[in-house]
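Trainee: One line per chain: the protein sequences are F and D, in this order.
The working numbering puts the first residue of the first sequence at 86, with every later residue one more than the last.
The working numbering puts the first residue of the second sequence at 308, with every later residue one more than the last.
Just so you know, not all the hints are guaranteed correct.
Calculated pairs, PhoX-like style, for lysine-lysine (alpha carbon to alpha carbon, straight line, at most 25 Å) [unchecked claim]:
| hint | chain 1 | residue 1 | chain 2 | residue 2 |
| --- | --- | --- | --- | --- |
| 1 | D | Lys449 | D | Lys385 |
| 2 | D | Lys538 | D | Lys549 |
| 3 | D | Lys450 | F | Lys285 |
| 4 | D | Lys658 | D | Lys405 |
| 5 | F | Lys371 | D | Lys552 |
| 6 | F | Lys126 | F | Lys141 |
| 7 | D | Lys449 | D | Lys569 |
| 8 | F | Lys126 | F | Lys109 |
| 9 | D | Lys569 | F | Lys371 |
| 10 | D | Lys549 | F | Lys371 |
| 11 | F | Lys284 | D | Lys450 |
| 12 | D | Lys581 | D | Lys549 |
| 13 | F | Lys284 | F | Lys371 |
| 14 | F | Lys319 | D | Lys635 |
| 15 | D | Lys628 | D | Lys658 |
| 16 | D | Lys450 | D | Lys405 |
| 17 | F | Lys371 | D | Lys439 |
| 18 | D | Lys408 | D | Lys449 |
| 19 | F | Lys371 | F | Lys191 |
| 20 | D | Lys642 | F | Lys285 |
| 21 | F | Lys179 | F | Lys109 |
| 22 | D | Lys449 | D | Lys405 |
| 23 | F | Lys191 | F | Lys284 |
| 24 | D | Lys439 | D | Lys450 |
| 25 | F | Lys126 | F | Lys340 |
| 26 | D | Lys439 | F | Lys315 |
| 27 | D | Lys568 | D | Lys552 |
Hints in this document: simulated from the structure, not taken from any laboratory.
Remember, it's a predicted structure, so these values are computed and weren't measured experimentally.
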Amino acid sequence: MANMCPYGRFTHAVVRGIPETFGKAGGDSRKNGETSVELAKAQRQFGCLTGALRQKVGLQLIEIPSDPELPESWRIEDVAVIQGDTALITRPFKQQRRSEAEAVRKVVSELNLTVVEMGAEEGDSGGATLEGSDVLFTGREFFVGISSHTNHRGAEVLADTFRDFAVSTVPVCGGARLRNICSMGGPNTIIISNSDGAKKTLRMMEQLTDHHYEVLTVPEDSAANCIYIKGPSKHDFLLHRPAEECPDSASAFQKLQDYTLLPTACSEASKLGASLSSLCLLVNRKHTYF
Amino acid sequence: MTTESGADSEAKQPQENKEKGKAKAAAEPVEPENQSELPAAAGHSTPARKEQETQEDDQVSHQSSTSRLSRSPLKGVKIMQCKVTMLDGSDFSVNVEKRAKGHVLFDKVCDHLNLMERDYFGVTYRDVENQKNWIDPNKELKKQIRTGPWNFAFNVKFYPPDPAQLTEDITRYYLCLQLRDDVVSGRLPCSFATHTVLGSYTVQSELGDYDPEELGSDYISELRFAPNQTKELEEKVMELHKTYKAMTPAEAEIHFLENAKKLSMYGVDLHHAKLVGSLNESLAPAEGEDSEGVEIMLGVCSSGLLIYRDRLRINRFAWPKILKISYKRNNFYIKIRPGEFEQFESTIGFKLPNHRAAKRLWKVCVEHHTFFRLVSPEAPPKKFMSLGSKFRYSGRTQAQTRRASSQIQRLAPLFERSASKRYNMSRSLDGAPITESHETLMKDSAADGVSKVIATGDIIAAVTEKKAEEEKAEQEDAQMAAATPEPSTPLRHDTKCSPHVYSSDPLRSELSLPSSPVSSTKVRRRRREGARKRASSVSPAKSSDSCRRRQALDDRKAALLDEQVLLLSARKQRLEQGKRRGGMLFSFSLHLPDLSSYLDEDGYISFPDLSEMRFLPMCAQNFMPIKSPSLIPCFLFIFFFLLSTSFSVPYAISLSFPLALCLCYLEPKAASLTASIAHGYHDHDSSEEEEEETDSEQTDFAFDGDMTATESDADEDSEMPTQDASPPEEMVKHQTNISELKRSFLETGDTSSGLTEWEKRLSSSPARSPRADEPPMIVPLEPEDTQDELPAGEETKGEVEPKLAESTLGWVSSSEKTSAEPQEEAVVATETEAAPAESTGPTSLDVIEVGTKEVPVVHTETKTITYESAEGETNGDVDPGVLLSAQTITSETTSTTTTTHITKMVKGGISETRIEKRIVITGDSDIDHDEALAQAIKEAKEQHPDMSVTKVVVHKETEITPEEGED
């Protein structure tokens, strides 16, 4: 259908700056408590990411200014699921994060996307929670990880929003979020971690899908989250964690033929359980009917 | 997707319907156009719904207008009138005998629709619970509908995963109608963007190009695209519609289907159920809750069984994953093959609302599994006293139907795309929108005499490029021959005054095919006579009164002979062409008694005409195959032979085919010699003729394919195992068949070279000499000789020599031997439960099935062992080769059924014979299948000492659970 084209075509990226309050969210986000994050380094890494998206890949970048009141607002991926010309504004698990959506809502409507809300707290979708980092869109279907942050009701709302596609639920065993253990590495390729939990999730995905995907397994969880974009010149770009962050997985990416690999550091954000894709929302405004 | 409303909705629906029904009953009769009186949203009535409504009508008013019972004055057979709701929402009334089986009704409906790729469709009825059930073609209608009214609906049963692979536009059109209804009724959910796109193609297909003057600005609001249609949607649809320029209806439908097929719920048949017992670990635990009794939906589709909870897919079992499907009381069970990391099979149970629902689901699963997964249908359990249901899917599988439709040789039939229901009262009352749309349709399709054909022809290009070329040529031709009166004028009138062509007499459209008023009056008069005769006696495919299809054997044979006559007349047509290249109605026949006089008169008299075609352009004269003097003798021979053997019609039939084939065989060769420069003209010629021959080809095909099971079945079956479940396009093309060759024979020609080529070939083909006294003519009568003949045919340097007709003979004996050939390889056996996996090459499988008890379960690959030698590789799909012949031989003993398929292919000059033997052993006792296998291999080796066994597949099916009996 109108929306169904191979995964990876994007024209815009929406990001949100790292606030000074980075890493100072409520107690649970630093539950390990073992590491302290460096704000400056995080901002530097954020700059590298946005630079790569804009200059190397050639996307139009929309940066929402950071808001110190919203310490986790940089995890912009969570607050919206965008596919084709529709943006579903999600309802994150944490109450205090729900106000992050406002700015994003504004941006996506400026991009002429159809904005769909998850609805009031009460009513049909009451109790539904959904975070974008639990949603894997493959170009053909959605997988929603049922995790501590996303529940069945939330997945139903997603399925109701994107009716063209099969929406399958999969358990997230390994990481906290589905996207922590897997991501798209090409129009037909899923990059997934080699951990036992991830394998179980992958098996489930393979059972549920009508399609066939290539699977690229990487030894480290953190390496499994990449950003794949087919650039304007139809060139494949893959933003991935650099060798210093995932030494064992670097070689795996070499298997991707004719890709431009863009190692992008993300060590600080990942200390807070985020990863590369958490930092941006990708939009395709050039979707065409055929 | 089709939804079967379950427990919840059951409660609501009847009420709704009752109200609607009452309103309707009060407001108006069942006239589709009038329904616009109802409010737009509620007024939309899908075929299925309409059926419900009318059914409700009946129930409410206690008068069943449609189930009138009348007595045939002749035989005292009770005739029932069936009302079938068609996909466009119209009703079709048809009479069937009260004891008629399901297929009678189905065939009548398909005939009425002029539909050939009918295996994707089915007839449904609503049971007392208002649930949709598929009519079993092999059971009496009366027993299926029980006490309900004789109301049915025509629906798509198997949604082809790739509609582009359908052969005919008309099939796609009906699939589109079904999908439009699925979309509008909400059974096929889609996003706003998709509603827009699908809607725009619907508009394009129905109204043609956007034309602001004609259509106005809100032309779209009277069409339905979505369950909740908004102004915004209509605007977007219009926006898109404006961008489609010169897109034909058929193109728009292809686009529509290309989009619709990607929808996740495309072709998913949903059934309400509840989970029974604790969920298998393979089911995604939803928030770790107890899954017992959770409301789910089971979706049956081409790839397997889908399990939904709300809108979410929580599990999926592809057909290969499922070992067994069964039902017991309200419960439905699937047994799952152990996964990679699991040791044991697991069984998952689902609770259906009631027993009937469980059985319905089971049946749908059996049918979908067979249709999409198997290469040929499973034989129903044969046991006399057995527990459980004997139900099996008995139609063609997708692989078979694709195969069959690849042989459809008729020119794309003209069919009317009926206007969908309009929702704007004021406009639809005066009929304006409808006329409008029809005019638009006609406008874009009838700019000149042939453009109607061309309009669809462009689409055909996707299927067969050759055809398109021809049609282009035809177009040029039409322009060239400006003097020719516009042949399709009568047709246009016809279609205009009957908006629903298929509600009118099909014969009418047949007879209104372009006819040239200036052709020789004598021939023409005879032709008219013929047409009348034909209309009354033959034409089994088109005659709406398809009781004729069940005619006695003699009639069939007479009809076959008539087909021969048609061949001759086709040739005569050519002569006609020489004089006047306008369209000529091609539809007449002769009965046997007239044959000789006719032959004398026309066969010989027209003969000299051939050389007198000076009025033709030079190049045309050169390429007219009829100028070949050997051609007419050849035909004459057929008739002489038929006459001489008329006392024994079967022999006559079996003999006439090889002869016809012989001619066909010659023709491609001649055509290939045609200089490229000639192609233009040659194509004109053939395309023109194609149009006229459609009639006979179609009849021919329909007759062979639908009536004479031996022939077509043998043909299909024997080729099936050599093909992948989805045969490559090219292969399909290569596989020549009777009618195609026949036609190419009639169409193409190269006289200069053909003359010699012709005779040479005739004499070099031992069995097919046109001379009546030559003994080999008798050859096909004896099975042994047939076998001898096969290699002989191949000796002619691997020329294409179609011998499909031989398959008729193949049934005669089961102990034939195939003589040796250098490149021959033999293969023992057959069967392809695991179709896609195992049928990759033209390998063959030996299946020894050991069924101990019969139960209503589908055993899928319980145990399959494959032995394959490297030789099997030589005939991969790379070079599909050209099929020479195919035959199937079946023999049965009490406990074993042996089916032997013999196919002969030519690949790159090397001919190859493949024998595939399927042995099914059925028995109560445990059979030593190792021994049986050894025996089978030994036998095969003995029978064909010079062949080698390339693949052996043992497929064992045991396993039984006693089930409740079939009702």
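Trainee: With reference to the structure, classify each hint as holding or not holding.
Mentor: Evaluation of the provided hints:
1. Taken as a hint, the Lys449/D and Lys385/D pair is honoured in the structure, with Cα atoms around 12 Å apart against an allowance of 25 Å.
2. Between Lys538/D and Lys549/D the CA atoms are separated by roughly 17 Å; this keeps the pair inside 25 Å, and the hint holds.
3. Annotation: proposed proximity of Lys450/D to Lys285/F is violated, straight-line Cα distance about 49 Å (limit 25 Å).
4. Straight-line distance between C-alpha atoms of Lys658/D and Lys405/D comes to about 36 Å, which puts the hinted pair past the 25 Å bound.
5. Taking the CA atoms of Lys371/F and Lys552/D, the gap is about 22 Å. The hint holds against a cut of 25 Å.
6. Restraint check for Lys126/F and Lys141/F: the C-alpha separation of about 21 Å stays at or below 25 Å, so the hint holds.
7. This hinted pair does not check out: Lys449/D and Lys569/D have alpha carbons roughly 38 Å apart, beyond 25 Å.
8. Restraint check: the Cα-Cα separation between Lys126/F and Lys109/F comes to about 15 Å, which is no more than 25 Å; the hinted pair holds.
9. A distance of roughly 20 Å separates the Cα atoms of Lys569/D and Lys371/F; the hinted pair therefore holds under the 25 Å criterion.
10. Of the pairs offered as hints, the one joining Lys549/D and Lys371/F holds, with about 19 Å between alpha carbons and a cut-off of 25 Å not exceeded.
11. In summary, the hint linking Lys284/F to Lys450/D is not supported, as the alpha carbons are separated by about 52 Å, beyond the 25 Å threshold.
12. Taken as a hint, the Lys581/D and Lys549/D pair is broken in the structure, with Cα atoms around 47 Å apart against an allowance of 25 Å.
13. Our distance criterion of 25 Å between C-alpha atoms is broken by Lys284/F and Lys371/F, whose separation comes to about 35 Å.
14. Taking the CA atoms of Lys319/F and Lys635/D, the gap is about 55 Å. The hint is violated against a cut of 25 Å.
15. For the proposed pair Lys628/D and Lys658/D, the alpha carbon gap of about 21 Å is at most 25 Å, so the pair holds.
16. Taking the CA atoms of Lys450/D and Lys405/D, the gap is near 10 Å; set against the 25 Å cutoff, the hint holds.
17. The hinted pair formed by Lys371/F and Lys439/D fails the criterion: a straight-line CA distance of about 43 Å is larger than 25 Å.
18. For the given pair, Lys408/D sits about 8 Å from Lys449/D by alpha-carbon distance, which is consistent with the 25 Å threshold.
19. In summary, the hint linking Lys371/F to Lys191/F is supported, as the alpha carbons are separated by about 19 Å, within the 25 Å threshold.
20. Restraint check for Lys642/D and Lys285/F: the C-alpha separation of about 21 Å stays at or below 25 Å, so the hint holds.
21. Between Lys179/F and Lys109/F the CA atoms are separated by roughly 15 Å; this keeps the pair inside 25 Å, and the hint holds.
22. With a CA separation close to 7 Å, the supplied pair Lys449/D and Lys405/D stays within the 25 Å bound.
23. At most 25 Å may separate the alpha-carbon atoms for a hinted pair to count; Lys191/F and Lys284/F exceed this at roughly 38 Å.
24. A hinted pair counts as satisfied when its Cα atoms are at most 25 Å apart, and Lys439/D with Lys450/D qualifies at roughly 16 Å.
25. Restraint check: the Cα-Cα separation between Lys126/F and Lys340/F comes to about 30 Å, which exceeds 25 Å; the hinted pair is violated.
26. Annotation: proposed proximity of Lys439/D to Lys315/F is violated, straight-line Cα distance about 46 Å (limit 25 Å).
27. Using a Cα cut-off of 25 Å, the hinted pair Lys568/D and Lys552/D holds, with the two alpha carbons roughly 23 Å apart.
In terms of the numbered hints stated before, the structure departs from hints 3, 4, 7, 11, 12, 13, 14, 17, 23, 25, 26, listed from lowest to highest.
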